[in-house]
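Chemist: Please model the entire structure based on the sequences and the hints provided.
If you read the protein sequences in the order shown, they are chains A and B.
For the first sequence, the residue numbers in our numbering are 5 to 195.
For the second sequence, the residue numbers in our numbering are 13 to 193.
Please keep in mind that the hints were generated in silico from the structure rather than gathered at the bench.
Take every hint as true, because none was put in to throw you off.
Quick look at which bits of chain A chain B covers, simulated, 3 or more residues with Cβ under 8 Å:
# : stretch
1 : 6-20
2 : 23-31
3 : 44-58
4 : 64-77
5 : 103-114
6 : 127-133
7 : 166-172
Glycine included, each C-beta is placed from N, C-alpha and C at the ideal position.
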Amino acid sequence: MRVIAIIIATAVGILSGLGLTWFASAGAIGFGATQIGAWMTWPKSGSAEADPYSRAIYARSGELPLGSTDGIAFVANSDDTGAALNGRCDIHIAGHLPNARFWTLTVYDSEGRLIENPAERYGFTSAEVIWKSDAEAEIVLAPHARSGNWIPTGGRERISAVLRFYDASLGLGGRFTNKVEMPSVWQEFCP
Amino acid sequence: MRKYLLPVIAGLVLGGIVHILTTLAMPRLALDNAFSRLAKLGPANAVQFVPDPTPAGAVLPRTDPAFVTAVCRYNLDAGVLKVRVPTSADYTSVSFYTRQGLAYYSLNDHAAGQRTIELQLMTPSQRAALPEDEEITRADRLIVESPSVEGVVLVRAFVREPGNRMRVRERISNVSCSPVS
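Modeler: If you want it as structure tokens, here you go:
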């Protein structure tokens, strides 16, 4: 009886512990993250005070985080409702963009690669994008060409969008984290 | 069922410990981390271009395609390194990482405020061993202390429009990273 109890405790311990680490280091759980709408960031990932979760996430993916004086990256794997971003839908990223020297928006497949397209259009920079107003823009990620700011998705089922602000002090990690306004993300015309 | 309650609770507590330990160990255990990916580009203490990301892949996943990137993987065992990065009106940044990918220092052209970013990279003990007379001139130089002997200096330059890429590449080819003689 006692042996069975020890086996159960050990099995539960190892499976739950490793499972949690697996998902957390894939960035699938927002441990250590700051979430604003659909956007997730690890505000201290670019400094020596980086939290253990962001360190594990970057070590596992093989990425290097942006240094904090360089910029800050926000990742969206899903839309505002929490549904995974599907490259076969029309994905709208629209609204106010925080103030920065410049920003870039890039679309990746589930492996972190750019998505092939004849126009070699992988994203937009704040210098290229057509603005709606001073600080507002709308960008559409879709499988088929459209007018305006369009990024092809190649119809990939799982995509992610990364919005990077360079030379920006958004004041994240402080008490006013929620004051940062990020563009909203929604999907339509899903097959 | 009740008799399994206690072992399951004990298991979940153990799971929490396993989770914390494996998360903390991840930077040491990850085999395919940025340092080993960049090591394939060339020798340490020299500058290499990181090829632009393409749909076929990239040296580092999720690289920002709007940048030209150069890297200097360093090993300070041989001594202090001197790093020079020419800047321009377009954005340029220099970021420092330990072997395990911790971004311990970064600066950009605005923060540096000069046409050329020039700095010396050394370990805390190398800094402590600087001769007295060099102490006086220290103020003129930017000294970056690396918490680890090995690490990565990443130089990134923004390409404002695709037509500019060649010009940015030319400028970045003047980045240097070499032992102080």
